[in-house]
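Visitor: As you go down the protein sequences, you meet chains A and B in turn.
Its first residue numbered 5, the first sequence is counted upward by one per residue in our numbering.
Its first residue numbered 5, the second sequence is counted upward by one per residue in our numbering.
Hints in this document: simulated from the structure, not taken from any laboratory.
Do not rely on the hints blindly, as some may be mistaken.
As the list claims (entries may be wrong) - Example chain B residues on the side facing chain A (calculated, C-beta under 7 Å, incomplete):
no.	residue
1	G237
2	L274
3	L318
For glycine and all other residues, C-beta sits at the position ideal for the given N, C-alpha and C.
Below are the chains, spelled out letter by letter.
There are 2 protein chains.
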Amino acid sequence: MKILFEKTTVMGHGECYVAVDGERISYIGQDRPNEEFDRIIDTRDKLICPGLYNCHTHSAMQFLRGYGEDLPLDRWLNEKIFPAEDRLTKEIVYKSSMLAIAEMIRNGICSFSDMYYFCDQTAEAVGKTGMKANICRSIVSFDPNMDPKEDSRFKESKELYDNYHNSFGGRLKVDFSLHAEYTNVEPMVRFCADYVRGMDTSFQIHLSETENEHKGCIEKYNVTPTAFFERNGILDTPTTFAHCVWVSDEDMDILKKHNATVVHNPASNLKLGSGVMPLSKMLKKGINVALGTDSSASNNTLDILKELYLAAILQKGIDRDPASIKAEEYVKLATVNGAKCQNRPDSGSIEVGNKADIIMLDVDSVNNIPIFSPVYTLVYSANSSNVCFNMVDGQILYENGEYTTLDEEKVKYEMKELKKSFFA
Amino acid sequence: MKILFEKTTVMGHGECYVAVDGERISYIGQDRPNEEFDRIIDTRDKLICPGLYNCHTHSAMQFLRGYGEDLPLDRWLNEKIFPAEDRLTKEIVYKSSMLAIAEMIRNGICSFSDMYYFCDQTAEAVGKTGMKANICRSIVSFDPNMDPKEDSRFKESKELYDNYHNSFGGRLKVDFSLHAEYTNVEPMVRFCADYVRGMDTSFQIHLSETENEHKGCIEKYNVTPTAFFERNGILDTPTTFAHCVWVSDEDMDILKKHNATVVHNPASNLKLGSGVMPLSKMLKKGINVALGTDSSASNNTLDILKELYLAAILQKGIDRDPASIKAEEYVKLATVNGAKCQNRPDSGSIEVGNKADIIMLDVDSVNNIPIFSPVYTLVYSANSSNVCFNMVDGQILYENGEYTTLDEEKVKYEMKELKKSFFA
Chain A
5 MKILFEKTTV
15 MGHGECYVAV
25 DGERISYIGQ
35 DRPNEEFDRI
45 IDTRDKLICP
55 GLYNCHTHSA
65 MQFLRGYGED
75 LPLDRWLNEK
85 IFPAEDRLTK
95 EIVYKSSMLA
105 IAEMIRNGIC
115 SFSDMYYFCD
125 QTAEAVGKTG
135 MKANICRSIV
145 SFDPNMDPKE
155 DSRFKESKEL
165 YDNYHNSFGG
175 RLKVDFSLHA
185 EYTNVEPMVR
195 FCADYVRGMD
205 TSFQIHLSET
215 ENEHKGCIEK
225 YNVTPTAFFE
235 RNGILDTPTT
245 FAHCVWVSDE
255 DMDILKKHNA
265 TVVHNPASNL
275 KLGSGVMPLS
285 KMLKKGINVA
295 LGTDSSASNN
305 TLDILKELYL
315 AAILQKGIDR
325 DPASIKAEEY
335 VKLATVNGAK
345 CQNRPDSGSI
355 EVGNKADIIM
365 LDVDSVNNIP
375 IFSPVYTLVY
385 SANSSNVCFN
395 MVDGQILYEN
405 GEYTTLDEEK
415 VKYEMKELKK
425 SFFA
Chain B
5 MKILFEKTTV
15 MGHGECYVAV
25 DGERISYIGQ
35 DRPNEEFDRI
45 IDTRDKLICP
55 GLYNCHTHSA
65 MQFLRGYGED
75 LPLDRWLNEK
85 IFPAEDRLTK
95 EIVYKSSMLA
105 IAEMIRNGIC
115 SFSDMYYFCD
125 QTAEAVGKTG
135 MKANICRSIV
145 SFDPNMDPKE
155 DSRFKESKEL
165 YDNYHNSFGG
175 RLKVDFSLHA
185 EYTNVEPMVR
195 FCADYVRGMD
205 TSFQIHLSET
215 ENEHKGCIEK
225 YNVTPTAFFE
235 RNGILDTPTT
245 FAHCVWVSDE
255 DMDILKKHNA
265 TVVHNPASNL
275 KLGSGVMPLS
285 KMLKKGINVA
295 LGTDSSASNN
305 TLDILKELYL
315 AAILQKGIDR
325 DPASIKAEEY
335 VKLATVNGAK
345 CQNRPDSGSI
355 EVGNKADIIM
365 LDVDSVNNIP
375 IFSPVYTLVY
385 SANSSNVCFN
395 MVDGQILYEN
405 GEYTTLDEEK
415 VKYEMKELKK
425 SFFA
């Protein structure tokens, strides 16, 4: 299908036409291309931006949004989250994933990184809806004497990879995951590092999210979690580390040396009382930083424009410097850095030849005008309700309040029924 | 006019009918009232909440949204804001106020506190649109030898009060304002304190927003800005202090002793690199804390639900304690504490006899379900795009995307034309 976007402001290009042929961007330019198109998109008052990346979430936890609030972390986990997860079923994971994807599509997200279990359900939701994702089965291990290769979680990870990696036209990738240092024994970490090394995949790992976790590792192993993963060979594979609130300067040097990606989850880190990731230092060191929402259980929405704004103003406040990081840099965190994190080199920006991941925002709205620069509008005044169009790999998934690949009323109804029966 | 809201969840009351007679709430209860109504409101999937209060803004600065970004505070002020304000006209203030009010109505705000100049223009915008506001002419003074009562800014304050206080059926109140300690000489402060003492009004003052301002006062007067205003008699009048990022423990005791209101502006304080107000300490001391957006020049939106969410997660992160302040307390900051700050004792909560300031949120949306508790939904997952209804003093100002008292397209068009000519 050949689609033409009428001339409008395109992030990074000024006033342009954009044409899409199939799943890729075929033209960007000042002059209207002299061709036939199957569809002409009205872009009046619209800002065209690349699709956004949510590089850390657990979409299956959508059913726990608002379930445990205003509790200390240990009570939240032990009284609310763990008992609920203990009763998790494939059905819950599918319905939660569908709602999570509906929310993300509506919020202009084109791709997400997901770490959980019953991942085949999330995979099917990704396939059905036209989203992109890097998903992984999160491995935990507590018995240092087990045989890692016989571990059910590792086997599920392997099976997920075999069944789904690069499926749905490459929209779905399968990563490997160690949940975290404190939820794994060293033999499992080393085994996974060795197994995955050289494969076409990445790791997704929680790293130094809380002070207790970070200090606990130093007490146990005499090294930080970052150094622990490095010494076990994990960093020989491209790795995405979520949170990194408590990493040291030396840890950042290790992360940079191995080209790891750090995922900043400002809302979740604040809401759970974990702290604030040292973003300015990370960026000064040249680390690839992307943005994540974490799950709705600790956020409580899957909204990368919210994280983008929050990351920006929070860092200015923490640095006590409104000029510490420029708006353009924040846009990269939500777009091209996310694509890099997910190993999607032909995505994350609006360029000819790239995958057509294109969103439009209605910026002629009372919360956005007047407009001096589209980048300031996107970072400082726009919100996800301004997103009126979301195209992923050339397929329109959302347009003017309507989804094309999912039934919004059905997704909402099923979640409400699920909540009634699960918490009866 | 008699209006009935069909039975639905009402914040603080559970499942109820709510009836409005004229400008007040006439009934809240489980049973459908046996009366005739002029209008029945469909409340399916809606959450009813009290209207929100924005207790610190400068609506006339709406035309400067996004004009100066990513600059150090002194360059932002001296290169961008001050030169633009120097060319300010009544026309700009009116058009900016109209856009600001349109944005606030759309975001569920029923009343705002505003500090600026050419205030008669803001007053007219308030009158026309049906909003409520406490407005004031901000006084600055730099000559210790001037006669305060001959000062043009003081005269304008007095005139504004005489012309507009308690106008538009009491919707509009006029406060007095000293811009800040660092922008005034002590004789003016003392004169205003004496003049206003005993009058039916309040002060609005910027206090200890930046570290430089706070320390500068101590160097100059050997007391903090709070103690400076106390010793000059300002606190004999009800006073609203905006920001208060750098106040000391002793300052908080003074604020509590005099029943002052503190307005927390988390987004603006972060974005300008000023820091974070010590909210937990303030609340522990029993100080009345309300929420404010500050202006769109430093925020960049007038969205109290955003400030509410931000205040909540920021404080959990700063306290490193997700349980430090409960969601119910945050709702108070945005509602009843705001009404107290504006001296509107019959407002701020949904109670029989109170002014009918009622908003509805469509909570059957992909960003809110499942719902475990309406208060968690409001504080942690809802956003201003879920607001679908805004009634102020019994008058519906906004319903399902449409304004009743202003022409949205005209307001937007005039701002865009203004921007073109002003910055030509």
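Visitor: Please verify that hint: L318 (chain B), Cβ, nearest Cβ of chain A, below 7 Å or not.
Guide: holds, 6 Å
Visitor: Interface hint check: G237 (chain B), Cβ to nearest Cβ on chain A, cutoff 7 Å. Holds or violated?
Guide: At about 33 Å, which exceeds the 7 Å cut-off, the nearest Cβ of chain A leaves the hint on G237 (chain B) violated.
Visitor: Regarding the hint that L274 (chain B) lies at the interface with chain A, is the smallest CB-CB distance below 7 Å?
Guide: Hint on L274 (chain B): holds, closest Cβ of chain A at ~3 Å, below 7 Å.
Against the hints set out earlier in the document, a violation occurs for number 1 only.
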